[in-house]
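Enquirer: The lines below spell out each chain.
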Amino acid sequence: MLDYVLPRYRVMRDKDLCIQCGVCERSCSNEVHHVDEELGRVTANNAACVNCQRCVVMCPTQALAITRWPQVDSGSSNWTLETMQDIAKQAQTGAVLLSSMGNPKPYPIYWDHLLLNASQVTNPSIDPLREPMETRVFLGSRPEILKVNERDEKLSAPLPPQIRLDVPLMFSAMSFGSISLNAQKALAMAARELGTFFNTGEGGLHRDLERYADCAIVQVASGRFGVDPHYLGAAGAIEIKIGQGAKPGIGGHLPGEKISEEVSRTRMIPQGTDAISPAPHHDIYSIEDLRQLVFSLKEATGYSKPVAVKVAAVHNVAAIASGMARAGADIIVIDGFRGGTGAAPKRIRDNVGIPIELALAAVDQRLRDESIRSTVSLVAAGSIRSSADIVRAIALGADAVYCASAPLIALGCHQCQDCSSGKCNWGIATQRSDLVRRLNPEIAAERVVNLVHGWTHEIKEMMGGMGINAVDSLRGNRLMLRGVGLNEKELEILGVKYAGE
Amino acid sequence: MKRIYALEEWCIDCKRCEVACKVFHSKSKDPVKAFLYEQPKPRNRVRVEGNRTLSIAINCRHCPTAKCVEGCISGAMTRNPETGVVTSNPEKCVGCRTCVSMCPFGAVTIEEGPTHPIAFKCDLCGDELGVPGSPSCVAACPNRALIYVESEGN
Ligand code: SF4
Ligand code: SF4
Ligand code: SF4
Ligand code: SF4
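Protein chains in written order, with our numbering: chain A, 1 to 501; chain B, 502 to 655.
No wet-lab data here; the hints were simulated from the structure. The model shown is predicted, which means the values in this text are computed figures rather than measured ones. Be aware that a few hints might be false.
[Claimed, not checked] Dumping the calculated DSS-like pairs for lysine-lysine here, alpha-carbon to alpha-carbon at most 30 Å:
{"no.": "1", "chain 1": "A", "residue 1": "Lys-105", "chain 2": "A", "residue 2": "Lys-298"}
{"no.": "2", "chain 1": "A", "residue 1": "Lys-15", "chain 2": "B", "residue 2": "Lys-528"}
{"no.": "3", "chain 1": "A", "residue 1": "Lys-89", "chain 2": "A", "residue 2": "Lys-423"}
{"no.": "4", "chain 1": "A", "residue 1": "Lys-298", "chain 2": "A", "residue 2": "Lys-154"}
{"no.": "5", "chain 1": "B", "residue 1": "Lys-503", "chain 2": "B", "residue 2": "Lys-528"}
{"no.": "6", "chain 1": "B", "residue 1": "Lys-593", "chain 2": "B", "residue 2": "Lys-503"}
{"no.": "7", "chain 1": "B", "residue 1": "Lys-530", "chain 2": "A", "residue 2": "Lys-15"}
{"no.": "8", "chain 1": "B", "residue 1": "Lys-542", "chain 2": "A", "residue 2": "Lys-15"}
{"no.": "9", "chain 1": "B", "residue 1": "Lys-568", "chain 2": "B", "residue 2": "Lys-593"}
{"no.": "10", "chain 1": "B", "residue 1": "Lys-593", "chain 2": "B", "residue 2": "Lys-542"}
{"no.": "11", "chain 1": "B", "residue 1": "Lys-593", "chain 2": "A", "residue 2": "Lys-15"}
{"no.": "12", "chain 1": "B", "residue 1": "Lys-542", "chain 2": "B", "residue 2": "Lys-503"}
Please model the entire structure based on the sequences and the hints provided.
Expert: Here is the structure:
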């Protein structure tokens, strides 16, 4: 049957520059390019292109660029080309639309409405090249009162377990299965070098990564894949995943084709079976149930490591976070609606959840109002794009942030949103051996380390400008932020003054 | 000496190394001219064998006791005693193919030269024969499947 779907992209090949070397043909897993010896030129099957830009980067002569398919829309702002194409696809298949990565819709990005302060005259700024700057943070719960034996200069009671991050960012959960082992390994290597943590997602810890277990946060999610005492015991911290910003309220589904021998061993499920993570945890229907799981995990690990609980930012997130703190979570992770995923129903990704900026501010304020903020750590996730976003998140109240999309972009991801096809040309979101080998973890880890080093320098510079010499002093310091282009209500929720005030 | 090593674990069969090698060994050093216009056609000296799932770049090891040099009947194939770089002098090569059959790595090919078929092989991208330069294939490889490192022996 003729499908009414138009190509999305068009390959632009500069004929003057193309040397017909075939690098593009060998680079594209979607089999778009073809060196046609008979015609003496290179042809393209535009309809198969997903705009991953691998060929563009690989072409030795810069002969390539990808553009939008030039078809004009109907002229209606209501029936846009995308809306109509979605209908055409569903009319063809009768299926739920799938997509990947984070919410791409033009909802407000509050980070871009928050400006940072700098010291002038009345208080000195600090030059990070001359004076020490502390970017280290500790995550975990803190006692309400610190009892010190002054004579012995010792704590009277031991501190609850905490993890130490040398930089205020960690790599968010991405499971082996949703990403390749090489991608996960790159993040593990980078986390070790940077003194921070990567997160296994709910795919278990591959045996090759056990040597990075001390830099791993292991996830316990609704599918409970790969969870056993060894997994819990090896990790630096444990995270219970209730929800994910990209698809709040939705479980996960890794199709059987992707459950290779290695994935099956790591997830502890039979090869070739679908890995289904139910939408809820079947043993959690209340805060009390959550408390049971939190303490089961603490019992199982002898109270030796912090337990984090991650939820998607949704309408009542502040009240939920308060409940999580009371359920015994040491670290509260809030994942905003722009957070990425390997696969999500498009309608959920594009329409469910709320912005991380508002959720973070609301949660921090609520925990402060209830006088429990200082007993837990708060981690913000869901599209942290730069060091400036990290500084803003910390000033809004986060202890640290989780990033995933940014490090993936450092690995080569071009946000084509085609992860769910399993044909990622960059070797990231794929298990195909010919594609996985495209990602040399040694190079990939270096790139991620470079990125985070760059960000850390920038964070120090921005903090220095404010006259602040430690991330700890920036946390929740909303006076360092001013809003622009925001209404009264937004300012109220964010807890910031307007620029000029 | 520094040698180029190919790591099949990371070779992705893109053949950017072949392109870079051919361009370096062209007169113009311009990819478009090298591929489409120059005569005689410039030749790449590295060659990728295999397919998408398993491939490796075949290149010269600049052996300390080079079989190609041993076999060469015309004195074209020589090893620079100071640098260790093994090169073939196109002016002296008679195209007898002895080096091709002697090389244990398949690193020499006979291809059309200015007057008759001659031997082509890796010269480490030097500006003159016997002097190593900075290998173009290594620089072009996107996945560190070619590395140029100091190695045991001379
Ligand atoms: S990689 Fe570039 S130069 Fe080579 S065939 Fe493709 S478009 Fe042409
Ligand atoms: S899918 Fe990627 S590699 Fe293939 S043509 Fe499109 S941009 Fe190039
Ligand atoms: S051409 Fe072959 S035999 Fe000669 S030096 Fe190179 S690898 Fe050794
Ligand atoms: S450039 Fe590197 S990865 Fe590509 S074919 Fe050559 S050796 Fe292999």
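Enquirer: Please work out if Lys-593/B and Lys-542/B have their alpha carbons no farther apart than 30 Å.
Expert: 19 Å, holds
Enquirer: Is the Cα-Cα distance between Lys-530/B and Lys-15/A 30 Å or less?
Expert: 19 Å, holds
Enquirer: Compare the distance between the alpha carbons of Lys-298/A and Lys-154/A with 30 Å, and conclude whether the hinted pair is satisfied.
Expert: 25 Å, holds
Enquirer: Would the pair Lys-89/A and Lys-423/A pass a check requiring their Cα atoms to be no farther apart than 30 Å?
Expert: 20 Å, holds
Enquirer: Straight-line Cα separation of Lys-542/B and Lys-15/A no greater than 30 Å?
Expert: Distance ~20 Å between Lys-542/B and Lys-15/A Cα, so the pair holds.
Enquirer: Please verify whether Lys-503/B and Lys-528/B have alpha carbons no more than 30 Å apart.
Expert: The given pair, whose Cα atoms are some 26 Å apart, holds under the 30 Å limit.
Enquirer: Check the hint pairing Lys-593/B with Lys-503/B against an upper bound of 30 Å on the C-alpha distance.
Expert: 26 Å, holds
Enquirer: Hey, Lys-105/A versus Lys-298/A, does the alpha-carbon distance stay inside 30 Å?
Expert: 40 Å, violated
Enquirer: Below or equal to 30 Å on CA atoms is what counts here, so check Lys-542/B against Lys-503/B.
Expert: 29 Å, holds
Enquirer: Given the hinted pair Lys-15/A and Lys-528/B, is their alpha-carbon gap at most 30 Å?
Expert: 22 Å, holds
Enquirer: With the threshold set at 30 Å, check whether the alpha-carbon distance from Lys-568/B to Lys-593/B stays at or below it.
Expert: 18 Å, holds
Enquirer: Between Lys-593/B and Lys-15/A, is the straight-line Cα distance small enough, at 30 Å or below?
Expert: 39 Å, violated
The structure shown violates the earlier hints numbered 1 and 11.
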